[in-house]
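Novice: Residue numbers for the sequence shown follow the numbering used here, so the first one is 565 and each next one is one higher.
Just so you know, the hints here were simulated from the structure itself, not pulled from any lab data.
Please note that the accuracy of each hint is not assured.
[To be verified] The calculated lysine to any residue pairs, modelled on SDA-like cross-linking and capped at a C-alpha distance of 25 Å, are:
| no. | residue 1 | residue 2 |
| --- | --- | --- |
| 1 | K785 | A641 |
| 2 | K610 | D715 |
| 3 | K602 | D715 |
| 4 | K785 | R814 |
| 5 | K610 | E646 |
| 6 | K701 | A828 |
| 7 | K626 | L608 |
| 8 | K626 | Y644 |
| 9 | K785 | H662 |
| 10 | K785 | R805 |
| 11 | K785 | W749 |
| 12 | K682 | D712 |
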Amino acid sequence: MTASRDASILIVGAGPTGLTAAVELARRGIAPRIIDRKEGPTPLAKAVGISSHSLDILEPSKVAARLLAEGLKIRRARFYFEGRALGEIDFSILPHRHNFLLSLPQRDTESLMTDTLKGFGIDVEWRSTFVGMAEHKGRAEVRIEAPDGRDEASFDLVFGADGAQSTVRDAMGIGFDGYTHRRQWSIADADIDDWPYEPTAAHAFLHRNGDVGFIIPIGEKRYRAVSNSEDALARIPGNYRITRLLRADRFHIPVRQAPRYQTACVFLGGDAAHVHSPLGARGMNLGIEDAGHSPGVSSTARLPATQANATRWGNGGSRSASASSRWPNRTTASCKASGTRPSASSAICRCCNGRCWSVSPGSRNDVVA
């Protein structure tokens with residue numbers, strides 16, 4: 565199936581968030597343009613945990629089936645204190661068909677998403693940088709620096725998924741308030757032989773001095789360790805042998821959030837909108853949820869193209885906003901002029917660019933869950 569370009573949409577960033585947005589639009593018959601300033605797909609493992617909710621979102625595009633075929637199913641997490649077993653979280657008792665955490669390196673997740681996108685006739689434009697933007701009359705006029713020169717194009721909608729240092733967010737004039745934890749953390753990926761613990765479970769080791777070591781399998785005899793100390797693997801006790809250290813790094817945890825995720829026709833998702841602790845696999849999964857549930861993505865295919873950029877998120881706000889504030893209630897001049905009447909006594913009239921339609925409060929075209 566080849567998607568069409570009936571609505572002109574630009575996605576900035578080809579990580580899991582941007583790729584999810586592109587795939588979701590493509591399966592609905594809309595071919596976005598997707599750009600990324602990097603040379604190509606990430607060669608790093610990066611995020612490794614895929615939640616059941618993310619699999620639900622990616623199921624209609626058939627991406628989920630491909631992820632499930634490649635990933636490891638983590639069915640429990642076990643906890644220890646000074647070598648003594650404390651307890652476990654058993655994911656398999658969850659009332660869901662995906663009652664596990666799927667472990668798969670981000671490079672493989674992105675590769676499968678990119679391949680799925682190619683099946684719709686869409687290629688990522690690598691080495692293409694979002695330079696700037698101006699919103700005018702309900703459209704976004706965007707400047708892009710591509711390998712063959714500068715490109716200027718007009719779009720109905722722009723979805724910024726370009727990470728914590730988002731140039732799209734900067735162009736929107738939106739801040740990124742928050743702080744960075746002072747404590748330094750460490751991360752390591754390694755091939756390990758003679759692993760003494762359950763090989764398909766996650767394990768967390770608590771130490772008396774407050775240090776924590778967490779480790780999860782990410783492949784055959786391959787593991788990801790994270791700790792709030794300087795050496796992640798040093799906080800994983802046991803008699804095992806590290807045969808190959810693939811990656812070791814240290815980092816600080818930022819906690820930041822954009823005060824709003826939208827202007828008139830530009831949306832933010834993933835790390836461009838919020839960053840936080842990587843523990844719990846929240847980063848990539850929240851980005852996938854942002855893309856799957858963003859009104860800029862989900863409503864574009866349901867509304868006529870001229871109405872697609874009317875979808876409002878929190879009057880430009882984040883998903884913590886109340887339902888009543890997420891849309892401007894335009895039941896007066898614009899609706900009267902258009903002759904649109906609410907379809908029910910509780911319905912609301914919405915307008916954009918002189919076009920109006922009726923929605924019910926709480927519907928998927930009105931409030932984002």
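Novice: For each hint, tell me whether it holds in the structure or not.
Specialist: Hint check results:
Our distance criterion of 25 Å between C-alpha atoms is met by K785 and A641, whose separation comes to about 17 Å. At roughly 31 Å between alpha-carbon atoms, K610 and D715 are farther apart than 25 Å, so this suggested pair is violated. Using a Cα cut-off of 25 Å, the hinted pair K602 and D715 holds, with the two alpha carbons roughly 17 Å apart. For the proposed pair K785 and R814, the alpha carbon gap of about 23 Å is at most 25 Å, so the pair holds.
Our distance criterion of 25 Å between C-alpha atoms is broken by K610 and E646, whose separation comes to about 29 Å. For a cut-off of 25 Å, the pair hint linking K701 to A828 stands: about 9 Å separates their Cα positions. Proximity of K626 to L608 is assessed by CA-CA distance (about 24 Å); at most 25 Å being required, the pair is judged to hold. Taken as a hint, the K626 and Y644 pair is broken in the structure, with Cα atoms around 38 Å apart against an allowance of 25 Å.
For the given pair, K785 sits about 23 Å from H662 by alpha-carbon distance, which is consistent with the 25 Å threshold. Taken as a hint, the K785 and R805 pair is honoured in the structure, with Cα atoms around 11 Å apart against an allowance of 25 Å. Restraint check for K785 and W749: the C-alpha separation of about 23 Å stays at or below 25 Å, so the hint holds. With a C-alpha separation of about 22 Å, the suggested pairing of K682 with D712 holds against the 25 Å cut-off.
When held up to the earlier numbered hints, the structure conflicts with 2, 5, 8 and fits the remainder.
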